[in-house]
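Participant: Chain by chain, the residues:
Number of protein chains: 2
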Amino acid sequence: MADILHRVGIQTASIEKVYQALTTRDGLAGWWTTNTSGEGDQTGNIIAFRFGAGGFDMRVTELREPAYVRWEVSDGPEEWIGTSISFELRQEDDFIILLFKHMNWQEPVEFMHHCSTKWAVFLMSLKSLIETGKGSPDPDDVKIDNWN
Amino acid sequence: MADILHRVGIQTASIEKVYQALTTRDGLAGWWTTNTSGEGDQTGNIIAFRFGAGGFDMRVTELREPAYVRWEVSDGPEEWIGTSISFELRQEDDFIILLFKHMNWQEPVEFMHHCSTKWAVFLMSLKSLIETGKGSPDPDDVKIDNWN
Chain A
33 MADILHRVGI QTASIEKVYQ ALTTRDGLAG WWTTNTSGEG DQTGNIIAFR
83 FGAGGFDMRV TELREPAYVR WEVSDGPEEW IGTSISFELR QEDDFIILLF
133 KHMNWQEPVE FMHHCSTKWA VFLMSLKSLI ETGKGSPDPD DVKIDNWN
Chain B
33 MADILHRVGI QTASIEKVYQ ALTTRDGLAG WWTTNTSGEG DQTGNIIAFR
83 FGAGGFDMRV TELREPAYVR WEVSDGPEEW IGTSISFELR QEDDFIILLF
133 KHMNWQEPVE FMHHCSTKWA VFLMSLKSLI ETGKGSPDPD DVKIDNWN
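Here the protein sequences line up with chains A and B, keeping their order. Residues 33 to 180 in our numbering are what the first sequence spells out, letter by letter. Residues 33 to 180 in our numbering are what the second sequence spells out, letter by letter.
It should be emphasised that the hints constitute simulated quantities derived from the structure, not laboratory data. The reader is advised that the hints may include incorrect statements.
Which copy? The list can't say, so a pair holds if one copy fits it or any two copies do.
Result set (DSSO-like, lysine-lysine): computed pairs, CA atoms no more than 30 Å apart in a straight line [what the hints assert, rightly or not]: (1) K49 x K175; (2) K49 x K166; (3) K133 x K175; (4) K133 x K49.
Next comes chain A alone, as it looks inside the complex:
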């Protein structure tokens, strides 16, 4: 098993604002992909994220407002099936610190390397969304390689 880990600090006093960006359709569409359906504010909900041809369905499995969000991948590329994603928030100095985990990859395949870098880029998009009002969600996301 292998995990992708990231840490970003968002310059805002409002942890609630970051939590909203992780649990509402409009929030998620503002930093990950504009093609987002479903709300993430109730456990059991499914959120559908689409990127060009493919995408991911996430089941919301845990919420502790405003500090913790956890999803399980219910549909998507085979390497993602059985993996979970969590976002942990807390205040520190003038920042909301976000600890991100994409857990339980079966193998550290090349696609995992790609997803690790791509998550960093999307978390920087979330940071920018909160700090400046403008993120870079798909299809206007920062491209990192030939897989996009």
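The hints should help you fit chain B onto chain A, whose structure is shown.
Facilitator: Just chain B, lined up with the frame of chain A:
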């Protein structure tokens, strides 16, 4: 043990140009930190990278020009001691694909989350250096959180 993994694709036909950016002082200073001393083109060499107060010393342990570079951390923060870093290059489509690994962290501590995101940002700086002639090395690097 835990590993940081990343994948970037650099739009250039010259794998040699990417290899130079990983093995020469000027190349490394162009994307990671301007305060770099030493050359990385011989195994056994030490390269010293400095960032503000702290930094890392790397021993070059393996070179296979132009496709592979491996370093061992010989001095730096305690969490980095005993870890290794590798860069693997190959041509694919119109890209040089770079697979990056920072291996053998004892524990997936919070500092590892930070370093994972920060490596992504620096690898995007390397991509930019090759593609546009301009990277964003420290001290003009992209800040990600309250640890910088």
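Participant: If a hint holds in the structure, say so; if it doesn't, say that too.
Facilitator: Evaluated hints:
no., hint, verdict
1, K49 x K175, "both (26 Å within a copy, 21 Å between copies)"
2, K49 x K166, "within (14 Å within a copy, 35 Å between copies)"
3, K133 x K175, "both (21 Å within a copy, 20 Å between copies)"
4, K133 x K49, "within (20 Å within a copy, 34 Å between copies)"
Of the numbered hints listed earlier, not one is contradicted by the structure.
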